[in-house]
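4 protein chains.
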Amino acid sequence: MIIILRSEASDADIQAVEQKIRNMGLEPHVSKGVQRIVVGAIGDETKVDKEALEALPCVENVVRVMKPYKIVSRDSHHADTVIDVGGVPIGGNKLQVIAGPCSVETAEQMQQSADAVAAAGCRLMRGGAFKPRTSPYAFQGVGVEGLEMFQKAAKAHNLPIVTELMDVRMLDTFLDHNVDVIQIGTRNMQNFDLLKEVGKVHTPVILKRGMSATISEWLMAAEYIAANGNHNIIFCERGVRTFETAYRNMLDVTAISVLKRETHLPVIIDPSHAGGKAWMVPSLARAAVAAGADGLLIEVHPRPSEAWCDADQALSPDQINKLMGELKGIAQVIGRDL
Amino acid sequence: MIIILRSEASDADIQAVEQKIRNMGLEPHVSKGVQRIVVGAIGDETKVDKEALEALPCVENVVRVMKPYKIVSRDSHHADTVIDVGGVPIGGNKLQVIAGPCSVETAEQMQQSADAVAAAGCRLMRGGAFKPRTSPYAFQGVGVEGLEMFQKAAKAHNLPIVTELMDVRMLDTFLDHNVDVIQIGTRNMQNFDLLKEVGKVHTPVILKRGMSATISEWLMAAEYIAANGNHNIIFCERGVRTFETAYRNMLDVTAISVLKRETHLPVIIDPSHAGGKAWMVPSLARAAVAAGADGLLIEVHPRPSEAWCDADQALSPDQINKLMGELKGIAQVIGRDL
Amino acid sequence: MIIILRSEASDADIQAVEQKIRNMGLEPHVSKGVQRIVVGAIGDETKVDKEALEALPCVENVVRVMKPYKIVSRDSHHADTVIDVGGVPIGGNKLQVIAGPCSVETAEQMQQSADAVAAAGCRLMRGGAFKPRTSPYAFQGVGVEGLEMFQKAAKAHNLPIVTELMDVRMLDTFLDHNVDVIQIGTRNMQNFDLLKEVGKVHTPVILKRGMSATISEWLMAAEYIAANGNHNIIFCERGVRTFETAYRNMLDVTAISVLKRETHLPVIIDPSHAGGKAWMVPSLARAAVAAGADGLLIEVHPRPSEAWCDADQALSPDQINKLMGELKGIAQVIGRDL
Amino acid sequence: MIIILRSEASDADIQAVEQKIRNMGLEPHVSKGVQRIVVGAIGDETKVDKEALEALPCVENVVRVMKPYKIVSRDSHHADTVIDVGGVPIGGNKLQVIAGPCSVETAEQMQQSADAVAAAGCRLMRGGAFKPRTSPYAFQGVGVEGLEMFQKAAKAHNLPIVTELMDVRMLDTFLDHNVDVIQIGTRNMQNFDLLKEVGKVHTPVILKRGMSATISEWLMAAEYIAANGNHNIIFCERGVRTFETAYRNMLDVTAISVLKRETHLPVIIDPSHAGGKAWMVPSLARAAVAAGADGLLIEVHPRPSEAWCDADQALSPDQINKLMGELKGIAQVIGRDL
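Protein chains in written order, with the numbering used here: chain A, 1 to 338; chain B, 339 to 676; chain C, 677 to 1014; chain D, 1015 to 1352.
The following block holds chain A by itself, in its conformation from the complex (with noise of 0.2 angstroms):
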């Protein structure tokens, strides 16, 4: 930790300061430059309150040397993590694509879903039972009834399902259908709660960014999940919220290189939610590909126009279909698989 103090900070702020260092454990440095005195605090810095150190008088900066996130570091683990749901690996040299309808609906929607998502040649299959929705007046999903309708659908063509939690209450009815991957949403990413629960499990996580969390507050919280057990943690990238009014979120494309110059563990895109139209998956879904990430979700429908949410993002059998020949295209050409 370094703390730089203003130009006028008296020799009793600067002591205050070491004092503090001193009392949190760590042993203060202090170095007087013409302009500004700094402090560095040499020692274990997740023992250190930066706020407190920032109240003090004169203080004006305080600058982390560490990184504040340790088991979901790179630092911590060098090699890419593979996580293994049923059989299939997520975050090797083989990319997936988890596709399925925004939610269930039907026993049939969901039988028709499965039999597209196979064909098309995707090996996990997505739905959701729960939705969360900005309307208290809409569709809030089909219940724990989605839950069976999912499983029996996806068991048929050996999908291992994925599927969003948003109520921790919900946590034993998830495991009790066999989930296979656990969702947490956007709106539930600082939902500290709810992280600390699927932490105690061990099904993976599937942990979407939050609607404007920044790179660094997406990896503490699945450092909440991993501190409390699992590691079985995949991130998903799923646009963030910014000025533009053109398309729903901007998808941050940049984030797959630095999460993966910064965790061990696979990064997914959700280009769906992150453009808004299904005119847009094709193109965001290739650049996510080719930028380096290890898998894809997409929303994938019957009969799209029909969906009973979402209904303009889902792409048709046939789109999902075409859409896999250029992805696997691409993945050969940076020397992987799909």
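Honestly, the hints are just simulated from the structure, not real lab data.
Among the hints, erroneous ones may be present.
[What the hints assert, rightly or not] Below 20 angstroms or equal to it, Euclidean Cα-Cα: the simulated DMTMM-like pairs (lysine to aspartate or glutamate) are:
#: 1; chain 1: A; residue 1: Lys70; chain 2: D; residue 2: Glu1022
#: 2; chain 1: B; residue 1: Lys666; chain 2: D; residue 2: Glu1122
#: 3; chain 1: B; residue 1: Lys370; chain 2: C; residue 2: Asp791
#: 4; chain 1: D; residue 1: Lys1169; chain 2: D; residue 2: Glu1122
#: 5; chain 1: B; residue 1: Lys615; chain 2: A; residue 2: Glu60
Using the hints, position chains B, C and D against chain A.
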């Protein structure tokens, strides 16, 4: 609802739009211009699935005519709502300042805080027993015992208490401890299951704005609470996320007049979490009152630099005292009372 | 144009709106719903002053039906425009990579840069003689002599040159030095007098997106150039400003498909200024090509760590060479050529 | 300057950093921690090229210790600077409200505007003869004749005039017409050639903040003017771009206290362009004064709904009159004068 079609729309495209509108129980009204075709959908707009219309071929844009929120809308209730919190009114001509420490630490700290808050003339007290922290390794709050210490200290001065609920499973404990106002924090603004549960009780709720929530999404989050039966909702703006790094969050002072126009419910401001530095708080607090806020939520600590969290943003007893004097003066200028 | 009135609008309010619409030369069409009154304004929307309508009592919202841009719009010209730059086509099936150093430094550096650019197979060269720097104390570019060094080095390899024009008074000098493509930088995207002047010449213009310009504002900035007569405009996305601090700017990869839909003009990407770090460039460059960009603008320096500006973002000759191979492969997958 | 190296840095990497620092004329000071190596660069930081250091292998982060701005910094001049504009002081204890129409339209409109401005007690007048408009097809200002009409109307009431300069070639005309304060608009905040030219004259300059400029970039833009010799600079915050769409821009009220701490120069606020609606202006104007601004820039028009531009944001003569009374009251509460 108004649907704007692309210029190349065929008669079949137009008919598909008309049919979809009829299926939703509204009446279509087509108007052909030189370069665009515009279709109005007349009837109850809450029945309309905007995305299903946007998914149709040749639809360029779908514009809502009505506001998506109802119970919280000023359209549904013209006069200002005044919420009674243990005899203290929030939302009328009289402004309220809710002050207290970031977190409950010890019985002594809470007693000293309550003394300072009451001495400054504030009529409600804040303090957190459960803290949402970015890092899993940071102090997470003292927990349930904190609620007890808090109640004891506040009762001595007859101050109703405000404290944050993060976990839906803790709601009964909050009710058992007679929490006067439940605060829903910024990270949980769209934790819809939590919103539904606090919607089922009668305790007033302070709903903080999400880090990058639009005003419309915020109103819809309140609508979740209201739709479940609890209309005692207080909006609290606490700064939003932008590109600026000179301070923590950007206080959205414009949101005050927009909200006062859109909703009949009270609007308060948290200047402490906005700026993130104690020296910014008086300026922001004065601005909020001058702009028309119904109250403030301010961090006060008996010895700020020793606070267990957010040490750099709490005011000292002297500082809150001085600030209250200025706020009283500004309130009078605009015909209000503090 | 569609005007939505508040529910309390009186007959006089409606008549004032109708009168204003007639004064603008359009025909009003009133439609009264249960809770809102909607007025359509039929005719030439470019004659409408949106703000004058919004200023009328009881007007809640005014929605454009038409796009505000014309010449640059794909509505006015369906086929892709291909711009000829000294025999090199930009905007067709063939992608172009424009590479070179951030700034012109010395004759030797420019010659080595040109060698590297040509050897990698790039067909145009970039380099700045005038540099927009945040600090008045930083290196501001070598000036006019830089244009000469640049031309000499590029001519040896038959590479058309791209360089930034910051000051309208320097335009004649640019023409005298046969600059092949004039770049308008991000800070000047809405320097309207500069746009008007480059609109009066025939030299192709690369128009970089403003730091936080919406796609619509960017198209309107291009319309300024086009309206003055110069239709040889190339859009260049270079990352926008957001809350994220892990890299310099957020590359808006979604803008590619949106722009290709809205305009017939070519769209290229600058991955160097987006991420701001050389190690991010290959990932972003591949993403841009996969997403459908018509070309790239990349910083290349013979010895990056010695560059006089943006030293941390230039690729070395080896790095651009390797990257070109990957880009060629991706281009082929999507049926294009590099 | 503090340079933080990655943990895997070799001795050669450290030496390369030390050598680079010495080449820049500073002295390196290496401090090896358990997990990171930190190098201090002691000496004149303005000589340091941050990017050249960041480009070296194993450098993770480079942190400035000093502020990059000098002349405008409060470090270089502790007392508040008061700028004299034709006898009217800006920046001292007395607040100034600069009012007038968005654009100069006719001699009559300017005369009525000047009457209203003077009657309300404002001591300076604003008005645009050249207008930066998003669309090339919108009204662009009446031009040079506008300056004449403006001067004539303002002189009758002894009001110094403030008007926007967009084109560097028009500077002499502004001087010939005795413009009292040159306004640099938000789109030109980083038009460095324009900044350099207004830096060479002595006319006071109002420097508006760029649409998404950080406070640091804004101070550096002022430093461009100051470094060229003109120290009569007034900062004007006018709202910044965010994700919120309920109003035009988000007024950054926190910027007031940050700027007053960082610079000795005056800081004023433009509430009209911030919110973009007349009904928001009083609330924002009061907030700005309460927060500590040195003045305001407000749009006033004799008949707002007939204004040729920004019709929806101008106050009427009655409205500015009422607002001035409230502002006077708030100024008194905080020990200032209007």
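Now for the hints, and whether the structure bears them out:
| no. | hint | result |
| --- | --- | --- |
| 1 | Lys70/A with Glu1022/D | holds, 17 angstroms |
| 2 | Lys666/B with Glu1122/D | violated, 43 angstroms |
| 3 | Lys370/B with Asp791/C | violated, 59 angstroms |
| 4 | Lys1169/D with Glu1122/D | holds, 14 angstroms |
| 5 | Lys615/B with Glu60/A | holds, 11 angstroms |
In terms of the numbered hints stated before, the structure departs from hints 2 and 3, listed from lowest to highest.
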